[in-house]
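Visitor: Mapping of the sequence shown onto UniProt numbering: position 137 corresponds to residue 137, and the numbering continues sequentially without gaps.
Hint data in this document are derived by calculation from the structure and do not stem from the laboratory. Cβ coordinates follow ideal geometry from the N, Cα and C atoms, glycine included. Treat the hints with care, as some may be off.
Computed beta-carbon distance windows for the label pairs [claimed, not checked]: (1) Lys-135 - Ile-47: 49 to 59 Å; (2) Pro-126 - Asp-11: 43 to 53 Å; (3) Ala-284 - Tyr-79: 22 to 32 Å; (4) Asn-118 - Asp-11: 34 to 44 Å; (5) His-237 - Thr-29: 52 to 62 Å.
Within a straight-line C-alpha distance of at most 27 Å, the following computed DSS-like cross-link-like pairs (lysine-lysine) qualify [to be verified]: (6) Lys-210 - Lys-275; (7) Lys-82 - Lys-43; (8) Lys-161 - Lys-43; (9) Lys-43 - Lys-83; (10) Lys-38 - Lys-82; (11) Lys-14 - Lys-82; (12) Lys-121 - Lys-14; (13) Lys-271 - Lys-286; (14) Lys-25 - Lys-7; (15) Lys-7 - Lys-27.
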Amino acid sequence: MKNAMHKKLFDYTKTLVMNYRHGGKVKFTPFAECLYLKYFFGKVLTIGANKYLVFSEDDRALFISRMLKDQNLDLLGKYPEKKSKVENAGLFRNEKFNSYAVSRDFMLINCLNHFCLNQQKFAKSPLTSLGTYIKADEITSIEHENIVLVENLEMMANLDKLIIPEQLQNALWVYRGDKKDAHQTSTAYQFFRHFKNSHQSIFFGDLDPKGIEMAITSHSQYWLTPENSDVVNIELHGLEQEWDNQGSSSQFLENQAALSAKCELAFTAIKTHRKTLKQEHFIAQKIKLNLFEL
Numbered sequence: 001m002k003n004a005m006h007k008k009l010f011d012y013t014k015t016l017v018m019n020y021r022h023g024g025k026v027k028f029t030p031f032a033e034c035l036y037l038k039y040f041f042g043k044v045l046t047i048g049a050n051k052y053l054v055f056s057e058d059d060r061a062l063f064i065s066r067m068l069k070d071q072n073l074d075l076l077g078k079y080p081e082k083k084s085k086v087e088n089a090g091l092f093r094n095e096k097f098n099s100y101a102v103s104r105d106f107m108l109i110n111c112l113n114h115f116c117l118n119q120q121k122f123a124k125s126p127l128t129s130l131g132t133y134i135k136a137d138e139i140t141s142i143e144h145e146n147i148v149l150v151e152n153l154e155m156m157a158n159l160d161k162l163i164i165p166e167q168l169q170n171a172l173w174v175y176r177g178d179k180k181d182a183h184q185t186s187t188a189y190q191f192f193r194h195f196k197n198s199h200q201s202i203f204f205g206d207l208d209p210k211g212i213e214m215a216i217t218s219h220s221q222y223w224l225t226p227e228n229s230d231v232v233n234i235e236l237h238g239l240e241q242e243w244d245n246q247g248s249s250s251q252f253l254e255n256q257a258a259l260s261a262k263c264e265l266a267f268t269a270i271k272t273h274r275k276t277l278k279q280e281h282f283i284a285q286k287i288k289l290n291l292f293e294l
């Protein structure tokens, strides 16, 4: 859509047309300039060193009518809610305008054997893959006893390399989503919390302050983590960086009235050694993982 109006400009314009029903004169701000240059609304009046946007009652009425016809925007109403690109394509030439990300409604899941969803059993890909993208709201039931929320994407393609308890061999693994994409993480967390009361909910993240914080705030029942927290002190090349970068998460943990026994042990080990481990280390170093109550 040519010259599609974004929400901030819409809010400014709505206030303008509501407050000046019979026309008026306003300062030539960046928003006013945008209305004049992009939408051909009003005229510019210069008085000394000052500029103003001037418009009549007829200008206002014509502009409101034109925006409704050209952009389906009611300047006297609410800014339209975001829709999918397919929905927008039914009305507009630019399907991307005011559309939400394709990934918003979808999330990534994987398993070690079969997917057991909606009272049906589905085969997983025979090829190594990150999993299957599904539309979250189409899942009405989960026949896996355990649901594991996973922090790092790399894990989704390497589930078979993890040393995990036998009871997780038939778990459903859900990627929490890219932290840069708030919609994606929101979808995964909402899905996880929706089913957590009817299933055993587990968080699986890094062995660092942020990972412990995420385990706690996920409201999971269990934490999947190295059986021996002192494993953070294994010999590895390179400098430790994450410990110094996670001050806010460390403070979050310090501020907790009480931590679960395992969280306390893990945080103590991390503080003592001033070292952390990522989930990728669990695979590469063949570290045994186990479940602990949160």
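Visitor: If a hint holds in the structure, say so; if it does not, say that too.
Guide: Going through the hints against the structure:
Checked against the given bound of 49 to 59 Å, the beta carbons of Lys-135 and Ile-47, roughly 57 Å apart, stay inside it. As the Cβ distance of Pro-126 to Asp-11 is approximately 52 Å, the hint placing it in 43 to 53 Å holds. The hinted window of 22 to 32 Å between Ala-284 and Tyr-79 is violated, with their beta carbons roughly 49 Å apart. About 42 Å separates the C-beta atoms of Asn-118 and Asp-11, a value consistent with the hinted range of 34 to 44 Å.
Taking the beta carbon of each, His-237 and Thr-29 are about 56 Å apart, inside 52 to 62 Å as hinted. With a CA separation close to 13 Å, the supplied pair Lys-210 and Lys-275 stays within the 27 Å bound. A threshold of 27 Å between alpha carbons decides the hint, and for Lys-82 with Lys-43 the separation of about 32 Å lies outside it, so the pair is violated. Of the pairs offered as hints, the one joining Lys-161 and Lys-43 is violated, with about 68 Å between alpha carbons and a cut-off of 27 Å exceeded.
Simply put, Lys-43 and Lys-83 have alpha-carbon atoms about 34 Å apart, too far for the 27 Å limit, and the pair is violated. Our distance criterion of 27 Å between C-alpha atoms is met by Lys-38 and Lys-82, whose separation comes to about 22 Å. Annotation: proposed proximity of Lys-14 to Lys-82 holds, straight-line Cα distance about 18 Å (limit 27 Å). A C-alpha spacing of about 52 Å is found between Lys-121 and Lys-14, which places the hinted pair above 27 Å, so the restraint is violated.
For the hint linking Lys-271 to Lys-286, the alpha-carbon distance of about 23 Å falls within 27 Å, and the restraint holds. Pair hint Lys-25 plus Lys-7 holds up; C-alpha atoms about 22 Å apart against a cutoff of 27 Å. The hinted pair formed by Lys-7 and Lys-27 meets the criterion: a straight-line CA distance of about 20 Å does not exceed 27 Å.
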